[in-house]
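Asks: Sequence:
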Amino acid sequence: MLEFLSDPTVLILIFAGLLAGFIDSIAGGGGLITIPALMLSGLPPVETLGTNKLQGLFGSFSAMVAYARGGHVNIRKQILQAAMAFIGSIIGALVATLIPVKLFQALLPVLLIVVACYFAFKPNLNDIDKQERMRPIIFSLTMAPLVGFYDGIFGPGAGSFYMLAFVSLSGFGILKATAHTKLLNFSSNLGGFLTFAVMGSINVKIGIAMGIAQFIGAQMGARVAMKTGAKLIKPLLVIVCVILAYKLLQAHDNPLRQWLNL
1 MLEFLSDPTV
11 LILIFAGLLA
21 GFIDSIAGGG
31 GLITIPALML
41 SGLPPVETLG
51 TNKLQGLFGS
61 FSAMVAYARG
71 GHVNIRKQIL
81 QAAMAFIGSI
91 IGALVATLIP
101 VKLFQALLPV
111 LLIVVACYFA
121 FKPNLNDIDK
131 QERMRPIIFS
141 LTMAPLVGFY
151 DGIFGPGAGS
161 FYMLAFVSLS
171 GFGILKATAH
181 TKLLNFSSNL
191 GGFLTFAVMG
201 SINVKIGIAM
211 GIAQFIGAQM
221 GARVAMKTGA
231 KLIKPLLVIV
241 CVILAYKLLQ
251 AHDNPLRQWL
261 NL
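Just so we're aligned: 31 in full-length UniProt numbering is position 31 of the sequence shown, and the numbers increase by one with no gaps anywhere.
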């Protein structure tokens, strides 16, 4: 075990997990850090995705517990939403081989820019709840499984889409939306992880080592978010969405680059 932890590559991955947990608990987008780190360490693509789901479970669970303890979310009231996100992610992972991933690679940067613009320019986005536009039962049966499906089939930016849904449709303030996102993130991560565990491969040692670091980072990030609220969450969310869109556009196999002659 000591030899494993003394490996410089493993130490870098652990630090990546810690940083990702901190950022993800506030604004989502932890995969921006962990997926490139895992791929650079030499893990194959499928093993990278499976290992990322494993370590991500620790961070989303940690943030979920921190926000619940802080009184910003009632987990029991989210059980249906969580169950639907879980089911959606399993279906998404199972049909991933039937739907061209390139379609998501092309559309996702555009969607992320839309999310960034919404949070950057929409007036009166703060920690105060607004008018509800969609009943909770409808939200649970539509938005939760829809974003969960996306998380299972592709993944990057799922937390931002959960946030957008809670703010625009449920009328939640920024901090409340962030808190409610974490249980759904955990549920869709769990569905994807179980599917990869059955169909793919996972590096358990690296996943757990990074997961422990994610857990600690998420505790730190959630506490900072609960102290600062929308003042920190809103700009960080915008920055994460823009960076993720940029990183996806930089990928040489992104068809949008070819369409735009980039």
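These are calculated hints, taken from the structure and not from any lab test.
Every residue, glycine too, gets a C-beta built ideally from N, C-alpha and C.
Wrong hints could be hidden among the right ones.
In silico DSS-like links for lysine-lysine, alpha-carbon gap of 25 Å or less [to be verified]:
#1 Lys130 with Lys227
#2 Lys205 with Lys122
#3 Lys176 with Lys247
#4 Lys231 with Lys176
#5 Lys205 with Lys130
#6 Lys122 with Lys227
#7 Lys130 with Lys247
#8 Lys205 with Lys176
#9 Lys77 with Lys247
#10 Lys122 with Lys77
#11 Lys77 with Lys176
What follows is a set of in silico ranges between Cβ atoms, one per label pair, in the way DEER data are often shown [to be verified]:
#12 Thr228 with Lys122: 15 to 21 Å
#13 Pro36 with Leu94: 34 to 40 Å
#14 Pro123 with Ile75: 30 to 36 Å
#15 Lys205 with Cys117: 40 to 46 Å
#16 Met134 with Leu11: 42 to 48 Å
#17 Ala83 with Asp129: 38 to 44 Å
#18 Asp7 with Ala251: 33 to 39 Å
Asks: With reference to the structure, classify each hint as holding or not holding.
Replies: These are the hints, each one checked on the structure:
no.: 1; hint: Lys130 with Lys227; result: holds (21 Å)
no.: 2; hint: Lys205 with Lys122; result: violated (43 Å)
no.: 3; hint: Lys176 with Lys247; result: violated (28 Å)
no.: 4; hint: Lys231 with Lys176; result: holds (13 Å)
no.: 5; hint: Lys205 with Lys130; result: violated (44 Å)
no.: 6; hint: Lys122 with Lys227; result: holds (23 Å)
no.: 7; hint: Lys130 with Lys247; result: violated (33 Å)
no.: 8; hint: Lys205 with Lys176; result: violated (34 Å)
no.: 9; hint: Lys77 with Lys247; result: violated (36 Å)
no.: 10; hint: Lys122 with Lys77; result: violated (28 Å)
no.: 11; hint: Lys77 with Lys176; result: holds (14 Å)
no.: 12; hint: Thr228 with Lys122: 15 to 21 Å; result: holds (19 Å)
no.: 13; hint: Pro36 with Leu94: 34 to 40 Å; result: violated (26 Å)
no.: 14; hint: Pro123 with Ile75: 30 to 36 Å; result: holds (31 Å)
no.: 15; hint: Lys205 with Cys117: 40 to 46 Å; result: holds (41 Å)
no.: 16; hint: Met134 with Leu11: 42 to 48 Å; result: holds (45 Å)
no.: 17; hint: Ala83 with Asp129: 38 to 44 Å; result: violated (24 Å)
no.: 18; hint: Asp7 with Ala251: 33 to 39 Å; result: violated (28 Å)
Consistency note: the structure conflicts with the earlier hints numbered 2, 3, 5, 7, 8, 9, 10, 13, 17, 18.
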